[in-house]
Amino acid sequence: MEHLNWDHSMINVQSLDEAVQLFAKHGIIFQRGGKHQAWGTANALGYFGINYIELISVFDQEQADSFTRSEAAAVYDAVQDFKQQRQRLNTVAIRSTDLQATWHRLKAAGIPVSPIEQGERLDEQQRLIRWKIFFIDGQIEGMPYPFFIDWQSPDTARIAQLREQKLIQSHPAGDLKVVAATFTVTRPQEVAQKWATLLASSVVKGSAGFEVPVQERTFEFVAGTANHLSTLHFTGAQGKLKGQSIKLGEAQLFFE
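For the sequence shown, the UniProt record's numbering assigns the number 1 to the initial residue and increments by one for each residue that follows.
Incorrect hints may have been included.
Label-pair distances were calculated between CB atoms; the ranges are [unchecked claim]:
| id | residue 1 | residue 2 | range |
| --- | --- | --- | --- |
| 1 | 85 | 161 | 29 to 37 angstroms |
| 2 | 204 | 107 | 20 to 28 angstroms |
| 3 | 207 | 156 | 31 to 39 angstroms |
Restricting the straight-line Cα-Cα distance to at most 20 angstroms, the calculated cross-link-like pairs of lysine to aspartate or glutamate (DMTMM-like) are [what the hints assert, rightly or not]:
| id | residue 1 | residue 2 |
| --- | --- | --- |
| 4 | 83 | 60 |
| 5 | 83 | 62 |
| 6 | 35 | 62 |
| 7 | 35 | 71 |
| 8 | 132 | 155 |
| 9 | 25 | 175 |
| 10 | 177 | 190 |
| 11 | 132 | 175 |
| 12 | 35 | 18 |
| 13 | 35 | 124 |
| 14 | 83 | 65 |
Source of the hints: derived by calculation from the structure; they are not laboratory data. Ideal placement from N, C-alpha and C gives every residue a C-beta, glycine not left out.
Using the sequences and the hints given, assemble the complete structure.
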């Protein structure tokens, strides 16, 4: 049986080094992840437990122009933002314990899922990191779909490995946890219901809009015209960061 959880969030950036330095000034640690050779992209990762943020940028423009949105929707969107010099949140990845079951469930529901592919990148130590993944081409009311991923390892084993690699570590800014994401959309109730279907979850009326629970975290859909993921919400901030926001282009991260 499939179990779904919020795996990570993507932020499209122009310069990985500048973005990493911005977060470091606020006491938040990001480290270079590696390169996706097939897509011409590279990333830096910041872990908050097993949930993390992926900063993504282009290192090989020719390779980045070699694939279509139907092949890797979220990565394609990151490439287009890079070309337009636009920095913003991209979408979220959903982790599945049974990617085949998730794929078949969504396919049966009429969702335009791409084939399941083997993803890979070389990390900074030249280790090959592999996973299985599928994207969804198209949009929901003008907003990108999430994509789905399977790391082919139980969460407990991944956490132990990430700690051993010192990717999961304490942030100077506090014991930070990502607890919610806000999506600003023109039709929040309708979009929330479609996301609930994707995630095998439900819709709850919230104080500001409509909410879809994802294990212990929440996706919130509020009224607006952006039709995009707009804000990530954190708990655990200490010192100057508590109660403040970090903005990176159009992306906003709020720290409670």
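Structure-based check of all given hints:
Residue 85 and residue 161 have their C-beta atoms about 36 angstroms apart, which keeps the hinted 29 to 37 angstroms range intact. With their beta carbons about 27 angstroms apart, residue 204 and residue 107 fall inside the hinted range of 20 to 28 angstroms. As the Cβ distance of residue 207 to residue 156 is approximately 35 angstroms, the hint placing it in 31 to 39 angstroms holds. Between residue 83 and residue 60 the CA atoms are separated by roughly 12 angstroms; this keeps the pair inside 20 angstroms, and the hint holds.
With a C-alpha separation of about 12 angstroms, the suggested pairing of residue 83 with residue 62 holds against the 20 angstroms cut-off. For the hint linking residue 35 to residue 62, the alpha-carbon distance of about 14 angstroms falls within 20 angstroms, and the restraint holds. Between residue 35 and residue 71 the CA atoms are separated by roughly 18 angstroms; this keeps the pair inside 20 angstroms, and the hint holds. Taking the CA atoms of residue 132 and residue 155, the gap is near 15 angstroms; set against the 20 angstroms cutoff, the hint holds.
Distance hint between residue 25 and residue 175 is fulfilled; the C-alpha atoms sit about 16 angstroms from each other, no more than 20 angstroms. Straight-line distance between C-alpha atoms of residue 177 and residue 190 comes to about 28 angstroms, which puts the hinted pair past the 20 angstroms bound. The hinted pair formed by residue 132 and residue 175 fails the criterion: a straight-line CA distance of about 30 angstroms is larger than 20 angstroms. Annotation: proposed proximity of residue 35 to residue 18 holds, straight-line Cα distance about 17 angstroms (limit 20 angstroms).
Distance check on the hinted pair: residue 35 and residue 124 sit about 8 angstroms apart at the alpha-carbon level, within 20 angstroms; holds. Taking the CA atoms of residue 83 and residue 65, the gap is about 10 angstroms. The hint holds against a cut of 20 angstroms.
Hint violations for this structure: numbers 10, 11, all remaining hints satisfied.
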